[in-house]
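Sequence lines, in order, name chains A and B. Position one of the first sequence corresponds to residue 610 (the working numbering), numbered consecutively onward. Position one of the second sequence corresponds to residue 102 (the working numbering), numbered consecutively onward.
Hint data in this document are derived by calculation from the structure and do not stem from the laboratory. Possibly wrong hints are sitting among the right ones.
[To be verified] Which stretches of chain B does chain A cover? Using the computed rule of at least three CB atoms under 8 Å from a CB of chain A, they are: (1) 134 to 142; (2) 363 to 377.
[Unchecked claim] Chain B stretches covered by chain A per the calculated footprint, using a threshold of three residues with CB under 8 Å from any CB of chain A: (3) 107 to 114; (4) 118 to 130; (5) 159 to 173; (6) 202 to 215; (7) 246 to 260.
[To be verified] Which residues of chain A face chain B? A few of them, derived with a C-beta cut under 10 Å, are: (8) ALA650; (9) ILE706; (10) THR762; (11) THR825; (12) ILE850; (13) PRO853.
In this text, a Cβ means the ideal position worked out from N, Cα and C, and glycines have one as well.
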Amino acid sequence: MTITTDDSRRVGQDECSYDEFLACLVSREIEDGGAAFVGAALPAIRAGTLLGHLLHGPNTRMLISMTTTNLHHIPVIDRFSFVTDWRGSRWAEHYRIVEDIFGNMRKIAGWRGFFVGALQVDPYGNSNLLGRRDEDGGFAFRGAGSVGTPSVTAVAASFNILVNRHDPSVFVEECDFVSAPGWIDGTPGARDRLGLRGGPASCLSPLGVFDFEPETRRMRGKTLHPGVTPDHVRAATGFDIDVPADTPTTLLPSELELETLRTRIDRLGELRKEGASWPTST
Amino acid sequence: MLASVSEAVDRIDSGMALGIGGLGTSSHPMSLIREIVRRGLRDLDVVAGPMAALDVDLLIAAGCVRSVTSSYVGGERVAPIGPAYRRAVQAGYIEVREVDEGIFCQGLRAAAQLLPYATWRGGVGTALVDLNPGLTVVDDPYGGPPVLAVRATPLDVTILHAAYADPYGNIQHVGTGFDDRLLAAAADVTVVSVEQVISNEAVRRAPWFTTLPDADVVVRSPGGAHPYASPGFYVEDVPAIQDYAAAARAGGEELEGWLRENVHECGDELDYLDRLGLRRFFDLQESPL
Chain A
610 MTITTDDSRR VGQDECSYDE FLACLVSREI EDGGAAFVGA ALPAIRAGTL LGHLLHGPNT
670 RMLISMTTTN LHHIPVIDRF SFVTDWRGSR WAEHYRIVED IFGNMRKIAG WRGFFVGALQ
730 VDPYGNSNLL GRRDEDGGFA FRGAGSVGTP SVTAVAASFN ILVNRHDPSV FVEECDFVSA
790 PGWIDGTPGA RDRLGLRGGP ASCLSPLGVF DFEPETRRMR GKTLHPGVTP DHVRAATGFD
850 IDVPADTPTT LLPSELELET LRTRIDRLGE LRKEGASWPT ST
Chain B
102 MLASVSEAVD RIDSGMALGI GGLGTSSHPM SLIREIVRRG LRDLDVVAGP MAALDVDLLI
162 AAGCVRSVTS SYVGGERVAP IGPAYRRAVQ AGYIEVREVD EGIFCQGLRA AAQLLPYATW
222 RGGVGTALVD LNPGLTVVDD PYGGPPVLAV RATPLDVTIL HAAYADPYGN IQHVGTGFDD
282 RLLAAAADVT VVSVEQVISN EAVRRAPWFT TLPDADVVVR SPGGAHPYAS PGFYVEDVPA
342 IQDYAAAARA GGEELEGWLR ENVHECGDEL DYLDRLGLRR FFDLQESPL
């Protein structure tokens, strides 16, 4: 199958919601071929993964609602509220069994474009989904758990980190607990020494897209969302971060992205209801 | 082989390691869980999921749980983190044996294979190793990088909910069956509640539908996964899950009231369904979008 060429106009910031923008960013991480995991907990990731499939991943296998399938030809991919919603099985070509998924890490080793949520992230992309520590080493705040992220990020070709807040309590010098190791301490071969493949490629926040400097493995500004300045990012980050003055602006959605998103994935406008306002500062 | 909900729960005692099937908001053996709460069993080491829902939260709220082994306890959009789970962990009332989904499977696999531990790649370099005494990092005897050694998690009893079974313990799921087969393989006794008991002849007509051939106890329990989904039968009852989450968040008298009304004052599961009402239950079978 061929990949759609997108030369449509970029919309303005006032023409889309932040969650729609986020879904478009996620979609650009989806490559053609292989498989992409469609979660349900984070609507923008779900929508973005499907959008990537429709726009430029026609041969990508979608792992959705505990099934494996291809949805490229489905006119409208309705939203489900939960990971295991079995109404998604109407599209299934295969049912996914949990112990088989994790019995097949050799396949997961090919994954790119997998997104990990985080309560905290450090300069090297080590991240935390477990919670925050109290003074006695217990939990001051208990998170929901690491789900499948330690196993998947240990072997995947690369992964991305998504945080829904950008402030010094989230972008920290050191995580209270690490559930998904990033570039560890940044030294060359740090992941290899622990037997970990791949590593974090990028981190998406409400302020911008960040990647990791190839030598030091420290997080740096790649693109900043419209209206965000380097000073703004530095003030909101709890560690020293390199954000050059000439950091480009993150590309807004194209008309084709937005139209496909609104008519085939988010027909009921959920991404416009939730998080409709753009987070500007902290 | 065939048993009532009450007879089936006779197989479970306080202090046991209990496997619980289903995943996310689907296929949890809720009628058996409600009976465990009614009995007031205590100190259960619950191994659930790997992605548990508020089924485990309910057992925690009712004081039945000593430890939890699961990669997630919550109700996704309804309650991203299980309210009773969060409170109990933060107060130190229950122990969490921190795992992710892959590590969870390896612990069960080791138990199923009668091994003391199984090795795994993920988890090395994470805080999970510090938080779970059943995880340690070991050298690869063949000279490669270190690997995680996941201690086996053998189960005394596993409880599951599926679509169909015959009286001989042949179980048929609709859909994936999630991690149910592995939870059964790691257990001494497997108890499965089902929507319908079917004849052995029906099983023989299409034996490839059988997902588990050796359940020890089969319980006829239509509606037994409510308020969670039962694939092929009904979808999640979202308002019912929200009601529980609100009561669990409030705690105290509101939670006590919820437990009284939804568990203790229901003499049995038919009583529970009576209170729910036919209209509401049948509406869930229309799987509206």
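Taking the hints in turn, this is what the structure says about them:
no.: 1; hint: 134 to 142; in the structure: violated (count 0)
no.: 2; hint: 363 to 377; in the structure: violated (count 0)
no.: 3; hint: 107 to 114; in the structure: violated (count 0)
no.: 4; hint: 118 to 130; in the structure: holds (count 5)
no.: 5; hint: 159 to 173; in the structure: holds (count 3)
no.: 6; hint: 202 to 215; in the structure: holds (count 7)
no.: 7; hint: 246 to 260; in the structure: holds (count 3)
no.: 8; hint: ALA650; in the structure: holds, 5 Å
no.: 9; hint: ILE706; in the structure: holds, 5 Å
no.: 10; hint: THR762; in the structure: holds, 7 Å
no.: 11; hint: THR825; in the structure: violated, 19 Å
no.: 12; hint: ILE850; in the structure: violated, 23 Å
no.: 13; hint: PRO853; in the structure: violated, 31 Å
Going down the numbered hints, you'll see the structure goes against 1, 2, 3, 11, 12, 13, while the others check out.
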